[in-house]
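Peer 1: Put together the whole structure using the sequences plus the hints.
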Amino acid sequence: MSERVEVYPVTRIEGHARITVIFEDGRPEDVRFQVLEFRGFEKFLEGRPVEDAPIITPRICGICQVAHHLASVKACDAVFGVEPPEPAVKLRNLMHQAANVHSHALHLYFLAAPDLVYPDEEDPAARHVFRIAEERPEVVKAAIELRKFGQKVVEKVGGRPINPVTGVPGGVSRSLSEEERDELLAEAKEVLEIAETTVDFALELTERLEEEGLLDLGALETYHMGLVDGGTHELYDGTLRAVDPEGNVAVEFDPSEYVDHIAELVRPHSYLKFPYLRDVGYPDGIYRVNALSRLNVCDGMPTERAQARLEEFEERFGLPRHEPMLYHLARAIEILCSVELCIELLEDDDVTSDEIREEVTVDDAADSEGVGCVEAPRGVLIHHFETDEDGLIRAANLVVATVQNNPAMEEGVRRVVEEHVESPDDMDDLLLNRLEMVIRAYDPCLSCASHAVRVGRYPIVVEAVTRDGEVLATLGPK
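The numbering used here puts the sequence shown at residues 137 to 614.
No wet-lab data here; the hints were simulated from the structure.
There's no promise every hint is true.
What the hints assert, rightly or not - Simulated pairs of lysine-lysine, DSS-like, Cα-Cα distance not exceeding 30 Å:
| hint | residue 1 | residue 2 |
| --- | --- | --- |
| 1 | K409 | K179 |
| 2 | K325 | K284 |
| 3 | K325 | K277 |
| 4 | K288 | K277 |
| 5 | K288 | K325 |
What the hints assert, rightly or not - Label-pair distances were calculated between CB atoms; the ranges are:
| hint | residue 1 | residue 2 | range |
| --- | --- | --- | --- |
| 6 | E343 | I280 | 19 to 27 Å |
| 7 | D490 | D352 | 48 to 56 Å |
| 8 | R272 | D420 | 41 to 49 Å |
| 9 | G367 | D499 | 13 to 21 Å |
| 10 | P185 | D435 | 39 to 47 Å |
| 11 | E447 | P260 | 34 to 42 Å |
| 12 | E319 | E165 | 53 to 61 Å |
Ideal placement from N, C-alpha and C gives every residue a C-beta, glycine not left out.
Peer 2: Next comes the structure, spelled out in C-alpha cells:
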C-alpha cells in the first residue's frame with residue numbers, strides 16, 4: 137500500500153516548494169523535492185529590445201534582483217560588442233558586493249538562524265526570529281545594520297532601492313557624487329566589525345550543530361562550481377571553475393562556453409531542471425554552487441580579513457567540504473569579504489568618475505549573441521541572449537543558481553530519510569524540520585529557479601483591465 141507524507145510548504149525559503157516522502161508497504165520508497173511554481177521569463181523576453189533585459193530580469197526576484205540586473209547587462213555588453221570603462225565595472229561591482237551582504241544577512245540571521253539557534257526545538261511555532269530577538273537582541277541588530285548598509289549602497293549606485301536601473305550596455309548611467317561616496321564609505325567602515333562578529337556568530341552555531349551531530353545532515357560528495365579570477369574568489373567576473381569531490385580542478389572555462397560543459401535533465405515531478413557536468417554525465421556529474429562551493433573552488437580570498445577566516449575554516453574543517461550545514465559559515469565569510477571590498481571600491485576615486493559609459497548603437501546589437509555571468513548570492517548565474525536583425529531578443533536562456541543545486545537538494549533530503557526513517561510514524565515534527573533544514577541551507581530562491589503564475593494553495597490571478605475596470609483577459613486558475 138502506498139502512503140505519502142508531505143512537508144508543505146517548506147518554510148523560510150524564497151518561493152513555494154514541497155518535500156514528499158513516498159512509502160510502499162510502510163517503508164520509504166522515494167523522496168522528492170518539488171517546486172510548484174512556473175514562470176518562464178525567457179519567453180517574456182522574446183521580442184523585446186535586448187537593452188530592455190537588464191530592466192526586466194530583476195523582476196524575476198526581489199532578493200536576487202541586482203545579480204539578474206548585472207548578468208543581463210554583462211550579456212548586453214557582449215551582444216553590443218563593447219567593453220565598459222573601468223569606473224563602470226567598479227560601480228557595478230560595488231553594487232554587487234553590497235547586494236551580497238544584504239542577501240546573506242537576510243538568510244543567515246532571519247531564515248536559517250532559528251534552525252541553528254534552536255536545533256532541537258520540536259515545536260515549529262517556537263522556531264522563529266522573534267524569539268531570537270527577545271533572547272539575543274544584539275544578533276537581530278547586527279542583521280538590520282548589515283542589511284541597511286547593503287540596501288543603501290544598492291539604492292545609491294543602482295538608482296533605486298530595488299530593481300536597479302543604472303546598468304546599461306557599455307557601462308552605467310551615473311556615478312557617485314563625492315558626498316555620496318564619503319557617506320557610504322563611513323557606513324562601510326562602521327559595519328566592518330559587525331561583519332567580523334557575524335563570522336564568529338556563524339562559527340558558534342556551526343560548532344553547536346557539530347556537537348549535536350547535525351553537521352553532516354544531508355551531506356553528499358559532489359562536484360562544486362564557482363567563479364574565480366586567476367584562482368581568487370570572485371563574484372563579478374572571471375572564469376568558471378569546477379572541482380571534483382576531492383578538490384581537484386576538473387575543468388575551468390569562460391562562461392560563454394557554458395553550453396559545452398553544462399547539461400540539463402528534465403524530470404516530471406518538478407518544474408526545476410537537473411543540471412550536471414556534461415563530460416561526467418548524470419548523476420555522477422551533479423555539482424553544487426553557492427558560498428561553500430565558492431570556497432571549495434578558490435585558491436584564496438581577495439581581502440585580508442576574509443583570507444584569514446578562510447584559513448581558519450580550512451584549519452578547522454578542511455577543504456573541500458560537502459556538508460550543506462557549512463554553507464552558513466561560508467556565507468558569513470563572504471559577508472566579511474564583500475564589506476571589505478565595498479571599502480576598497482569606495483576608497484577608489486573611479487567610483488566618482490564621469491568616464492562611465494561607452495556609446496553603443498542599435499545596429500551593434502543586430503544578429504548578435506552574448507553571455508553574461510556573475511555569482512548571485514546563491515551561486516552561478518548565467519544570462520544568454522540571441523538577437524535578430526533588429527536587435528530584438530530571439531532567444532533567451534537563464535541558468536540560475538538554485539536550479540544547479542536542485543539535484544543535490546533532492547538527494548540531501550533523500551539521505552536524511554534513508555538514515556532516520558523506517559516508517560511513516562518516524563515523520564515527527566523534529567524530523568520534518570530536519571528535512572527543511574537541508575533545503576534551507578542552500579538558501580533556494582524558487583522565483584529565480586522557476587523563472588509565477590502559481591497554482592494550488594497559493595494562486596496568483598493576473599487580470600488585464602481597462603481604466604474603467606472592465607476585465608479584458610484573465611491568466612491563472614479559475
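Peer 1: Could you tell me which of the numbered hints above are not met by this structure, giving the numbers in increasing order?
Peer 2: 9
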